[in-house]
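Undergrad: For chain A, the structure is supplied; the task is to place chains B, C and D on it using the hints.
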Amino acid sequence: MKISLALDSTSLTRRYPRLAVLVTLFMAFGVPLGLYAGALAVFPLNRPEVLNALAKEWLGWDLATSPYRNLVYAGFLLLVAFIAVNYTAVFGGVSTWVERRVAGRMQSRIGPNRTGAAGFLAWVADAVKMVLKEDTIPGSADNLLFRAAPYFSMVGLLLPFVVLPFGESTVVTDMNVGVFYVAAVTAFVVVGILVSGWASNSKWALFGGIRGAAQVLSYEIPAGIALMVPVLMAGTLSMQGIVRAQGGLPWEWFVFRNPAALVAFFIAVTSSLAEGNRTPFDLPEAESELVAGYHAEYSGFRLAIFLMVEWANMWIMAGLAVTLFLGGWQVPGVSPEMYLHARGAGLLPAPLWFVLQAASMLVFIIKTWALVFLFIWLRWTLPRVRVDQMMSLCWKYLVPGAFLCFIVTLLWQLLVPPLGCKITGILLTICASAFLVKFLRDTRRNIDRVTGDRVDLTNW
Amino acid sequence: MPIDMELDRHILRRTTTTEEEIVVNFGPQHPSTHGVINFVTQTNGEIIRRSVPEIGYLHRGLEKIGEMVPYPGYMPFTDRIDYLAAMFANEGYAVAIERLLGVEPPPRAKYIRAIAGELCRISNHFISVGTMAQDIGAATPLTHALRERESINDLLEELCGARLTFNFHRIGGVAFDLPEGWGTKVLRFLDHLDSYIQEWDRLITFNKIFVKRLANVGIINRALAIDYGLAGPNLRGSGVRWDIRRDMPYGAYPDFDFNVPVGTGRVGTVGDCWDRFFVRVQEIVESSKIVRQALAKLPEGDIQAKVARKLKPEVGEAVGRVESARGEMLYYVVSDGSEKAYRLRVRTGSFMAMGIIEELSHGIMVADLIAIIASLDVVAPEVDR
Amino acid sequence: MAESIREYFGHITDVVKTFWEGLSVTLSYMVRRPITVQYPDRTAKRVADTLPSRYRGLLEVDMNVCTGCMACERACPISVIKITTDKDPANPKQRVIAQFDIDESKCMFCGLCVEPCPTGAIQHTREFESTMKAIDSLVFRWVPDPEKPAPFYRPVKGQDAPRAPVGEILRKRMAERSWIAPPGIFGGEPEAREDRRASPDGTHRGGSEGPAQGPSSSSKA
Amino acid sequence: MTAEEVCAQLKERFGEAVGALSETKGDRFVVVKGEKIVEVCQFLKSTTGLEFDYCQDVTAVDWPARNVIEVVFHLYSLVHRHGVVLKVETDRAAPSIASIESVWKAATWLEREIYDLFGVNFVGHSDLRRILLPDDWVGYPLRKDYKEAGGYHGMGNERPDPLVQLSKITDEKRKAVAAAVASAAPAPNPEPNPVPAPAPEGKV
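Those sequence lines, one after another, are chains A, B, C and D.
When we follow the working numbering, the leftmost residue of the first sequence carries the number 6, and every step to the right adds one.
When we follow the working numbering, the leftmost residue of the second sequence carries the number 4, and every step to the right adds one.
When we follow the working numbering, the leftmost residue of the third sequence carries the number 934, and every step to the right adds one.
When we follow the working numbering, the leftmost residue of the fourth sequence carries the number 835, and every step to the right adds one.
Bound-form chain A, shown alone:
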């Protein structure tokens, strides 16, 4: 009793208000920044030739011929994986906090605001709670599959990080089949959903699992075809290659280069919403229908994994869309040559190179968070579609639309000269900006239209 009182976060916050702010700041900025910095430091080293050279230069050890070289390489890869896994967990947690705060505000509520400054530590508290809770397994469940299911989802979440470019050089490996690889491995998530739905031996979970399978498999098709549009425009499947084919300014992004790409972007985003089981496509867990759907029987740590996958998947979805359509990490005004020049001639890059890398990561992170906000915002605005509507939307609208975009892009690439692309880019950018301004004005007018409501940022 006494211990639980002492650990009561509210009373701690009361007693040491500064401590709370410091802890919050550390969790909010220190941890993610540390992970980014780790990525920035480790990723450039993570190549055999660099490691070999470094070992020779600093340690005088000829790694290239050493019998232990594979162990060292694997060790570095583990380091990278460690950073990625932690980043996923932290992002998943932080995004739950963001989601709850944004949802609260949109719903005229406040959201969590007690644990830590602005309630930021709520996700840490939740994670601790989840891990401490009993991990119950229903007696009639298929024990092995029930235990394994969350890890399938987890693997599906983590594998795309291998090719997701965070910055100019901060990518684990730039596969030449990157896009294809992402489309393939994200399907692992649905294996987890399907297995958990079946293994739970619960009717709700079964409904959820089957719905999830049907949904994700269907939406792979429009998603896959829509992803072919930037591939066509860049002429490569490599993620870095696609980003390099774009530029830092909006009219250099693929999304505005031709109208079909714009449509393909919306199709890709819609499909990824469906693949990530986000509202309006949250059918597999459909709270008001299936109670909790595929994870109805899960608790404790396994449930935490499912929830983490659900939220962290937003990063993959958004990051993919940013990479393929929105210019990725391209910093405005920085050409690819500048990275090369800044790198310097030495084995390790010059400081300016690191600054440029950090800038490119920042651009990527900001864009991705903006898309994540869009996902959150959509979730708290739209109702859920029905199963048959989800299917008809996929097959009647998205699939034909994606094919059309594909063909138009093909023709566009063949027929329109580069100048045409540039003009289209600028025109579409202007249009998009005009729509954005109109949208913001509409938003402002919504407040004025309701008697008694006004702009008021108090009550946090």
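Please keep in mind that the hints were generated in silico from the structure rather than gathered at the bench.
A few of these clues could be false.
[What the hints assert, rightly or not] As a list, the in silico DSS-like pairs of lysine-lysine whose alpha-carbon atoms are at most 25 Å apart:
(1) A/K443 with C/K1026
(2) C/K1026 with C/K1090
(3) B/K67 with C/K1039
(4) D/K981 with B/K67
(5) B/K188 with B/K292
(6) B/K309 with B/K343
TA: Chains B, C and D alone, transformed into the frame defined by chain A:
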């Protein structure tokens, strides 16, 4: 007996079964059953073969209690019949006993009843349309609706001291007169409400997914609605222009000018879920009109008719009907000349609405069942009483 | 064909239009004030003090102005009020109230008892926070000690009864019985009350085991 | 159409099976013979000019004194805006009448409720089982002679009333006080005109 067999044989009245079908219990605890109700549902994948509601989990014997307590003492119990629209449960009981006694409440009391009742109707309809949006998967409209409802609850709390269990009506009048300055507050709120309703429509009513989910779903045509004795917005959603306030006027309602919105099949077929939803949204606007008129025309005078302290109505029986937020609420009171009712019967809109769900459930999808339950606006305590 | 093509694209434009509106509404709430009241610790005033005067909170009786007419007991539809009147043995002309108990755990806050009260002795306060560790702690004895009964109040014509401000007496009472303190109303420890519940015939422990005490006399352990 | 006219039409069609309009205060009703109720309802529903399409309520009243259970039908016509109240009396020992489910679907659930709470058997009902109470409930609660069994499957529904015990304590104490005063008598009258005792809270 294994529970599955019992469900099969007893509730679903099923003698044969195919391998593909499963029986699912939607409830008694389920996010969308609006209380404690169990829908025993026989499904083939996402398609429902039949869904049979099992009720009674909230049965508190309120009709029996009516035979045990004296007439005035039953008023607080009526609050518990329908906790979302207790004003009408109060009013219906008061009207029934007044008819039994031959007492007429003074005009001011009638107006105050109308004001309180219509505010309560707005509050109830906000819950109804909000939870409906929630059941369709949109969480935000519900909290926006609750925001408006909070304002009404504050007003009603100031009027009668409670937010849900009002116990505001008395036999032959009302408990309190309007507080000082209350009318102005109500008018200020109504100004807000009238402008807010348009925002509500922009947010959810015409949302494409929402319309798609509700239009042409759970169609109850005119004949079916009447046959099943549906009441209130559910009946009007099927295009039947029937409103006790207008057609069997009681209280101050003959003095007011208001429309009775009915379902028109604007986005689908007459009598679909969306029509029932939209009827409620329109009724919010109509109720706002009534409150404005009542406040403008509010007569001076007493708020309580002369009624003996010990009520002993003559032998006889009377029916009190009011248009509750969930349709016609009918109190049937039989008096044997003592100070307690000999028999007190409450017939509620939710009970009638529950009866039709089995009929509608053939061949719909799981998600549609949720939409239908939500659109019928059943409140479990009102079903079970 | 043309019709269905128009319908097909009509769906798409509908989606764009209505999503546009819906998204602009939800976004606009980002800069409106949330309606939430940060109960209980971040309010400008105690919430009980912000409630309207008609609010029906916990019942309170001012024994100084109670006439012992028992109208409230009769009005209560669920019998949560128990009044016993008696003669003062020392002064047989003086009628006294030996017992005035309200079981506020069962009370449904309907207000019917307040209405017939001739002096306003029984009133609903605006206090609503009544969490107690044991449900019996919510039985309020307004005459704490039957040995010191309260005499009937005789109303004076043309003069208001000198009633204490509503809520004052109750607040004092509530402060005395913090929810964590043992109830002690039946003169025993909380565990001792278990047998009361367990007794098959539903009868209570006899009063012989301990003297009835006012709630205040329970130890503040 | 008024209740008198409806009653007259019924009398004309069914003769003896339909009683006279009641003369009691409040709402007036017509008593119909149980075996004719379905035909009467069918007639009320389908006859032009009557067209009672809306079955508002079906309920029952138990009269142990007369040894009958009355089943009460509140019917209404949304077309003509008129209503009628029918009553059917059935024997209390074995109450049974024909179901009017075939006339109005609304009666399905209403009759189930009467079956549940009064034990009236509706012959021809498609799904006659308990609706509010559990299937294994004993007795019919809305009958006047129903005695509560005090729980269900070992789940109690009563909480000991603390006020009863407190009354007992008070009585004992008062008796003790009276006895003490009596034994100390004749005591001088302490105060001729007692002022109200200090507030009980003052003591604590």
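Undergrad: The structure should be examined with respect to each hint, and the outcome stated for every one.
TA: Status of the hints after comparison with the structure:
For the given pair, A/K443 sits about 86 Å from C/K1026 by alpha-carbon distance, which is inconsistent with the 25 Å threshold. About 21 Å separates the Cα atoms of C/K1026 and C/K1090, which keeps this hinted pair within 25 Å; it holds. For the given pair, B/K67 sits about 19 Å from C/K1039 by alpha-carbon distance, which is consistent with the 25 Å threshold. This hinted pair checks out: D/K981 and B/K67 have alpha carbons roughly 12 Å apart, not beyond 25 Å.
Straight-line distance between C-alpha atoms of B/K188 and B/K292 comes to about 15 Å, which keeps the hinted pair within the 25 Å bound. Taking the CA atoms of B/K309 and B/K343, the gap is about 19 Å. The hint holds against a cut of 25 Å.
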